[in-house]
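Asker: Given next are the chains, with one letter for each unit.
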Amino acid sequence: MIPGSFEYFSPQTLPEAVTLLQRYGEDAKVLAGGHSLIPLMKLRLAAPRYLVDLSRIDGLTYIRESEGFLRVGALTRHGDIETSDVIRSGYPLLADAARVIADPLVRNMGTVGGSLAHADPAGDWGAALLAAGAHVVATGPRGGRTIPLDEFFVGTFTTALQPDEILTEIGIPQSQKNSGGAYLKLERKVGDFAIAAVGVGLLLSSTGACEQVGIGLCNVGPTSLRAGQAEQVLRGKKPDDATIARAAETAATESDPADDLRGPADYKRDMVRVLTARALRLAVGRAKGGA
Amino acid sequence: MAVAHGMGHSVKRKEDARFIRGKGNYIDDLKLPGMLYLDIVRSPYAHAKITAIRAEKALAIPGVLAVITGRDLDKYGLAWMPTLMSDRQMVLPIDTVLYQAQEVAAVLATQRYIAADGAAAVEVDYEPLPVVVDPKKALRPDAPVLREDREQKTNHIWHWEVGDRDATARALEQADVTVEEDLYIPRIHVASIETCGCVAQWDSVDGKLTLWMTTQAPHAIRTVVALVAGHLGLAEHKIRVVSPDIGGGFGGKVPVYPGYVVAVAASVLTGKPVKWIEDRMENIQADSFARDYHITAELGAKRDGTLTALRFKTIADHGAFDAAANPSKFPAGLFSICTGSYDFQSAFVEVDGAYTNKPPGGIAYRCSFRVTEASYAIERMADIMAHELKMDPAEFRLKNFIRPEAFPYKSPLGWTYDSGNYQGALKKAMEMIGYTALRREQAEKRTRGELMGIGISSFTEIVGAGPSHSFDILGLKMFDSAEIRVHPTGKAVARFGTKSQGQGHETTYAQVIAHELGIPEDDIAVEEGDTDTAPYGLGTYASRSTPVAAAAGAVAARKIRDKARKIAAHLLEASESDLEWERGKFFVKGSPQRAKTIQEIAFAAYTNHPQGLEAGLEAVAYYDPPNLTFPFGSYICVVDIDKGTGEVKIRRFVAVDDCGNIINPMIVEGQVHGGLTMGLAPALYEEITYDDDGNIRGGSFMDYLLPTSMETPRWETANTVTPSPHHPLGAKGVGESATVGAPAAIANAVIDAMWHLGVRHIDIPITPWKVWKVLRQNGVTE
Numbered sequence: 016m017i018p019g020s021f022e023y024f025s026p027q028t029l030p031e032a033v034t035l036l037q038r039y040g041e042d043a044k045v046l047a048g049g050h051s052l053i054p055l056m057k058l059r060l061a062a063p064r065y066l067v068d069l070s071r072i073d074g075l076t077y078i079r080e081s082e083g084f085l086r087v088g089a090l091t092r093h094g095d096i097e098t099s100d101v102i103r104s105g106y107p108l109l110a111d112a113a114r115v116i117a118d119p120l121v122r123n124m125g126t127v128g129g130s131l132a133h134a135d136p137a138g139d140w141g142a143a144l145l146a147a148g149a150h151v152v153a154t155g156p157r158g159g160r161t162i163p164l165d166e167f168f169v170g171t172f173t174t175a176l177q178p179d180e181i182l183t184e185i186g187i188p189q190s191q192k193n194s195g196g197a198y199l200k201l202e203r204k205v206g207d208f209a210i211a212a213v214g215v216g217l218l219l220s221s222t223g224a225c226e227q228v229g230i231g232l233c234n235v236g237p238t239s240l241r242a243g244q245a246e247q248v249l250r251g252k253k254p255d256d257a258t259i260a261r262a263a264e265t266a267a268t269e270s271d272p273a274d275d276l277r278g279p280a281d282y283k284r285d286m287v288r289v290l291t292a293r294a295l296r297l298a299v300g301r302a303k304g305g306a
Numbered sequence: 081m082a083v084a085h086g087m088g089h090s091v092k093r094k095e096d097a098r099f100i101r102g103k104g105n106y107i108d109d110l111k112l113p114g115m116l117y118l119d120i121v122r123s124p125y126a127h128a129k130i131t132a133i134r135a136e137k138a139l140a141i142p143g144v145l146a147v148i149t150g151r152d153l154d155k156y157g158l159a160w161m162p163t164l165m166s167d168r169q170m171v172l173p174i175d176t177v178l179y180q181a182q183e184v185a186a187v188l189a190t191q192r193y194i195a196a197d198g199a200a201a202v203e204v205d206y207e208p209l210p211v212v213v214d215p216k217k218a219l220r221p222d223a224p225v226l227r228e229d230r231e232q233k234t235n236h237i238w239h240w241e242v243g244d245r246d247a248t249a250r251a252l253e254q255a256d257v258t259v260e261e262d263l264y265i266p267r268i269h270v271a272s273i274e275t276c277g278c279v280a281q282w283d284s285v286d287g288k289l290t291l292w293m294t295t296q297a298p299h300a301i302r303t304v305v306a307l308v309a310g311h312l313g314l315a316e317h318k319i320r321v322v323s324p325d326i327g328g329g330f331g332g333k334v335p336v337y338p339g340y341v342v343a344v345a346a347s348v349l350t351g352k353p354v355k356w357i358e359d360r361m362e363n364i365q366a367d368s369f370a371r372d373y374h375i376t377a378e379l380g381a382k383r384d385g386t387l388t389a390l391r392f393k394t395i396a397d398h399g400a401f402d403a404a405a406n407p408s409k410f411p412a413g414l415f416s417i418c419t420g421s422y423d424f425q426s427a428f429v430e431v432d433g434a435y436t437n438k439p440p441g442g443i444a445y446r447c448s449f450r451v452t453e454a455s456y457a458i459e460r461m462a463d464i465m466a467h468e469l470k471m472d473p474a475e476f477r478l479k480n481f482i483r484p485e486a487f488p489y490k491s492p493l494g495w496t497y498d499s500g501n502y503q504g505a506l507k508k509a510m511e512m513i514g515y516t517a518l519r520r521e522q523a524e525k526r527t528r529g530e531l532m533g534i535g536i537s538s539f540t541e542i543v544g545a546g547p548s549h550s551f552d553i554l555g556l557k558m559f560d561s562a563e564i565r566v567h568p569t570g571k572a573v574a575r576f577g578t579k580s581q582g583q584g585h586e587t588t589y590a591q592v593i594a595h596e597l598g599i600p601e602d603d604i605a606v607e608e609g610d611t612d613t614a615p616y617g618l619g620t621y622a623s624r625s626t627p628v629a630a631a632a633g634a635v636a637a638r639k640i641r642d643k644a645r646k647i648a649a650h651l652l653e654a655s656e657s658d659l660e661w662e663r664g665k666f667f668v669k670g671s672p673q674r675a676k677t678i679q680e681i682a683f684a685a686y687t688n689h690p691q692g693l694e695a696g697l698e699a700v701a702y703y704d705p706p707n708l709t710f711p712f713g714s715y716i717c718v719v720d721i722d723k724g725t726g727e728v729k730i731r732r733f734v735a736v737d738d739c740g741n742i743i744n745p746m747i748v749e750g751q752v753h754g755g756l757t758m759g760l761a762p763a764l765y766e767e768i769t770y771d772d773d774g775n776i777r778g779g780s781f782m783d784y785l786l787p788t789s790m791e792t793p794r795w796e797t798a799n800t801v802t803p804s805p806h807h808p809l810g811a812k813g814v815g816e817s818a819t820v821g822a823p824a825a826i827a828n829a830v831i832d833a834m835w836h837l838g839v840r841h842i843d844i845p846i847t848p849w850k851v852w853k854v855l856r857q858n859g860v861t862e
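Residue numbers (our numbering), protein chains in the order written: chain A, 16 to 306; chain B, 81 to 862.
These aren't lab readings, by the way, just hints derived from the structure by calculation.
Computed from a predicted structure; not experimentally measured.
Don't take every hint at face value.
To be verified - Keeping only pairs whose Cα atoms sit at most 20 Å apart, straight-line, the calculated SDA-like set for lysine to any residue is:
1) A:K57 to B:E274
2) A:K204 to B:K723
3) B:K853 to A:T268
4) B:K853 to A:P279
5) B:K723 to A:D281
6) B:K382 to B:A255
7) B:K643 to B:A654
8) B:K665 to B:L651
9) A:K204 to B:R777
So here's chain B without its partners, still in its complex pose (with noise of 0.2 Å):
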């Protein structure tokens, strides 16, 4: 029989079943009748002038029915598009590319293989023009201006800046101790185990589009559809969106990319279903990427460790088009959340955006929009403040942490912290280790020449974007929406805003449900994806579902529950008043053998409601959050370095996670493991680089180093709980901690076995080479 588990219950993923069978239903799996195939052109060069689109060799492959350049999408308006971040961005050239791997012109053809032979054989004349790879060069006034589309006759974006200019160089000059370091978070890539993709189908009878795309936004997806492509007649109502099965986002399926517009454009043109899929190489080397950010962090301390002022002044590359996701105001994302754990008194940042001949973005890469970095920089400066004052790491931060009575803590860089206890977190991570034995060992081996470091990284998420006041994207507000409809036999049906792409929320969810009504989540269907079922929402991304949908889902229930009362009330004959809830039932109070069950309540909302009471069991939220949540945790490292190759072996490392309220203890595992790898790929192995020329460097799996189980450590995971105070369920959201806190500590441990040697600082990956040659500048040798 079916249990109602509720919160806090390892319930096994509902959703496994159908995936670990190969019954999943990915956008590759679509087939339908007709369907055509769209391959891409792509630029070999990372800046040029197109001179001449030749596509009558690829015409002349029987199967080839189209060569559509920018040209062509430019008779309907659609030769650009807008990004999420008021920039636009190139559909298809109409005569110039601006960074190696663009879209040039596609193809369509009657199967995919022809597509491709037909894109082969697209002939295309390009002249090449000056290269900027190097922002900073971007950013000279004697730079070639990148964007001639633009008024603004330079590579600077946008300039972002908040807290105390001023009061904080004074602190700064006032400071007993300072230290500057220039840390460089590389570009990486998500590297989703399904790439993009989409099947675009055009009904010229209903004049009905409907589009079945990789995305993590479905709503907003349509909503942009509406507004770029309205000129050509489609209405809101007459597009659907469908996000079926997703192979994992992470933030790289937020965004538009030019492959969905121009399969739109050709389904509606041809009257057929278009699908376009990427390969593994045009997904790494044209989607979005991620970080690409040049900071240089200054933070001041008095000589008793008290940290007091944080000053950062970062370079943000965006590639050729600002195609990041961030909500509308904050075109840095939340980096301003870069005080960290810390109590500073003073802090100010600024971020500078610029253009360079590489694929756009930057997107939120399994982080709330630039925690990533703010987290990786206030972590790594925490520790050279650290080393620099001998303190120990851990003494140091246990010292400058805000105290767990500051909550509600307002940051000098203007958040409001919910709730959190980092003391907890970083001693139960220094007990599960070992912290001071360690650190004995450490002190051994090192006489005898060994290099063993010890790395902490005590980070501070923001995460759950967000309030109507400050969160919209291109104006939409970010709330998100929740559905339920409970069946007269007591099952129910509950729909959401957001999408699912490996989160696990069709269990999640269901268990909220059953938390709030008693419900079991087995007679719970969790759907989303679907733009003509599901309520609106902005999706799954910045770690939100839990905080802003899975609240939704909480209050829907709730305003079921209280339906319910009514309607046991008039099954018990008993005022309202005098019943009580038990999970899954009402009951007369001091009566308790006088109860309906959920179930029973249902069956009578729909055969026997009390008059002057609507029939039926639904409810929908729409649910604005007041606040963001604040996540947080402390993660140690152990590595030993071989002083012969430089290659770092990661012995241990201890997660304690604090994500407020659980819901399911083995998903937050699951993601807390998933994120730490995803975490280790920055520190130690994943890089995108690019040479003068503009030329990819880690554009495939070969060079693109994505950690195996080979490579990763046995994580070992723990939790603290401490509930946020304004989320229904106490929850805070735990997706992309450990990706934002990971890599401090691996990078904190790597540099800590080294310090005594005059290493201060390797940027990220800190692959074999970095670390041997620091080691032989250092006289260190096997």
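Okay, chain A solo, but in the shape it has when bound (with noise of 0.2 Å):
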């Protein structure tokens, strides 16, 4: 478990970042928490030539409220969500997501950008903020850009950023009164990825009924899914026990889970729909107004 060799850089900032991203290409990696892309170098899986550093580079840090946006920069630690007081009070599915994410060591050094930038679809973050209807910024040699997260995962460890972009921001819309959220993960042991997660992020309109709803699923698929035909059940309607119980099934026929080690697909489905109803039913509850 000894990488190979590599050309290490660390810029101070995020143009010299792009730039040396510019001049290598593919052969560079960028690295910032190192939690998957360290591992995968150790077991010489993965070979860059170069790696990039962003952790020198000021600013990437941050967990704030603007203009009807929940920000939080790409470099933001697990660990800084899981106890951040404007994410335990207002956006309970981030809460969730980021205590089950790995373990604390993992989470002291992992960040969200990287994390998604990764595009593990057993990643928590994907299913998560796919559930929450975030985008990302990526910026670039020609400034930023915003692309909606629905058309960021491309494919299994693939994304829509081009080799010389970087991750920089991830935005949510700000949780309102109404708003609920729960992020469920079955998980083998401790700090183990998913055999199956579901994030539900929702907004209940004065008569009780679902007004926006978000269902991301984790690990169950080539990529982070989100479940839209279980979301058009729900939307417009009362959650009652029915529809929930229909939503959560139609998140199951969704899922395009794989037998491995974790279990074999049929049970991953079912556990997609378990979830989903159970995911669904805390959120519902959270949105009213509970714990």
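Join the two chains into one complex using the hints; note that each chain is given alone, in its own frame.
Answerer: Okay, here's the thing in structure tokens:
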């Protein structure tokens, strides 16, 4: 578990980092918290010739609400999100997800931007932020551009980022009085990737119907998935038991899991159903002012 | 002022001062001037012919000094080495690999990272051969023969049986009720925190080899090296094996691994120290595994619930080489303890060993030679029989236990149990957990469709190998040793033939000596692991340190006390028979003020010893135990099952252990906590499997699911005390009891929760998807 040799850069500014990416193209990899990339390098499954470490660049670690969005800097660590008062008080979906990512050691180093850019379908942020209706900001030689998360995950470990672009910010619609959310993860043991996990974000109308709803699925397909048809089942309807059950069954059919050591595909699909129903009930309770 | 606490006190562990300060000295901490590094090229195939090994690219890397292959070792007669089980094992292959991750070549370099680059640059051509991963298929006549080096052209290694085959068959036929179940105990790995490694240093001037290595049995290793490499001029007095601090052994550090041999060869060839340290994946993928027993178990009983007969037929998957570390006469270890805590009239057990394309083993993972397998099987079957008879599993056990007055008890499979009170332990556990109320709660929950289960395991262990009439490893009798030297100022150094890997010997051995001599624990330095200084012993595994080495310590201390009596008589001008011993001093009967402390006596032993008596105060004892010891216990586990996800949640776990007289209750509690967690692991989490091509699944901590504190329930522990009648201290050993006893308690609880649905058995590890599957099959869902 010793990596091959590589050259290491530690730029002080974002333009410097982008210049390095322009220079080295596909031979370079961006290093943030390092908790996905470095294990791959130690297994010699990844052997980038150049590492561009973002950790010395100021101004990429923040959690703040502005102009109708919660904005999270790409270098914000999972642990920062887990312990943030803003997140804990207004964004239970994100608070839930941050708490179940890997283990405390990983959460102290791993970053939300790094996790998304790595685009592992088992990454918890992909599913949670799809459910939250997030977008990302990518910064490249031509400045920044906004990419809806729905368009971000192109394939397993592949994103819409260009080789010379760096993911710099994540934005999600600011929470409102009747919004709620939840993220439920089933794992073989603490620190494991999910057998299956489901994120739910929703906004209830004054009548108690689902005005907005997002459902994200983790590790049950080639990418983080959004269960759009299940959302459609709920949209405009009161989330009663029958509707939740129908939505959960629909989400299960939208998942596309594979057999592996975490269980056979039919099990995982059923777990999407079970977890979707449970997450929906929890999110509705929270939207109505419950814990 | 230092106090002699002796037995039964929770003396804080002396070794912890250095461990918690990061001052332990583990093998990888050792750095010698000019040291070279080894890395190993491993096979991606489970069975293949090696058609070429090309080293050019590796040798072109600056700092890579050599690429060593099996053909190179073969020139020195070192391509193969003996295993501890009269089999042989490849050090490096000459032309065939037999399992994935097998050592293929070694790269020697000036730096660790360069060695890794070198290993990645070695090119090997393979021609894949048919792979056999299932031992049952391996034993079929049409299976490809894996070990072409053997005369016997079969994958069958050995057959071993004990008991009365015919009488058992008759008893099963005559039984009112019989139950039969196939139980698979999966292949698991000790996964100690520290992986294996060594530093070999050949001194070409003195012709002496010093080998620092992670071994649980340094003396045996020294002798093996002398026997294997004697033809190369390595004589036993010129070999020093040093086992430094060890970060967990659990049986995995008993065998000799190829890396050790290559490191020694490389040091002898280069005249420089050579370090080899495996990484985590190498450790899990290639080092000796444990378990991997396929058992078909049958029990017979009378209608009234009396057990009558037991028959276990087992296939033991040993991988490519039989590299178990059992005593020579016991190819299936002490598996014949499988009648457990029950009084059977007849029993028969047979085991067949098989070769497959998997890494070699299987070692005794925190269990005294296949006792976990035996205990799991009998305790699972006892529960199945109880349920089949519609009897409460506790009541069923209480009915069938060997009675306390029946000890020493001769089992139908030939063991003589030293002592026991199984009823006492189970009743205590039932009381602690509130058994009757739990059964009521379970019945209520069942009416609401909730799944709750209660599982019992009343195991009997067999440890302390062992008596020389039956127990040896490669002919070396399984005694153990202690040497105590009391210095003039009354302080002492004590050396043992064992080697702690976390057990706390520096504390418990000091307590034994303090108990016998009254010298404070703080005044006794305990040393182990250096073959140049410690007396010869067979090492630490199989819960043998307390039954064998601590007994040697007590006997040596008593020899010192005998001599101290003579010196005291001289000093007090009294006759020896007029002296009485009270811990720490001799005094004249009736005149307690006329006394000499052990410290005063020690001083006199060097300054004023009686004429005609040798000066000094020291003794050596080699202890050959008259029998094994039989620790036991009763564990009760309560689980709740999530019907939606299939997750098993352990609500409570009560463990009542009886390991005879206790040296240090705190250390015993710690041993039980660790052992229970290592019993939880295979019950719910850990397993190494292989696909049909022999690719390992579960070969890293990503998929080899070591439980963490988050998975581990709060263990509730207690003891009963039934001393061993034959051990000098009445102690029995405890290191492995909990690992042996726990898996069945958990598995029994899970099945107990679902028996009413028609579920009879789920093989461990009981993962959420397995539970979900049987629940769905039985129409249960959320």
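Asker: Each hint needs a verdict: does it hold in this structure or not?
Answerer: Okay, the hints, checked on the actual structure:
no. : hint             : result
1   : A:K57 to B:E274  : holds (19 Å)
2   : A:K204 to B:K723 : holds (18 Å)
3   : B:K853 to A:T268 : holds (19 Å)
4   : B:K853 to A:P279 : holds (10 Å)
5   : B:K723 to A:D281 : holds (16 Å)
6   : B:K382 to B:A255 : holds (6 Å)
7   : B:K643 to B:A654 : holds (15 Å)
8   : B:K665 to B:L651 : holds (12 Å)
9   : A:K204 to B:R777 : holds (17 Å)
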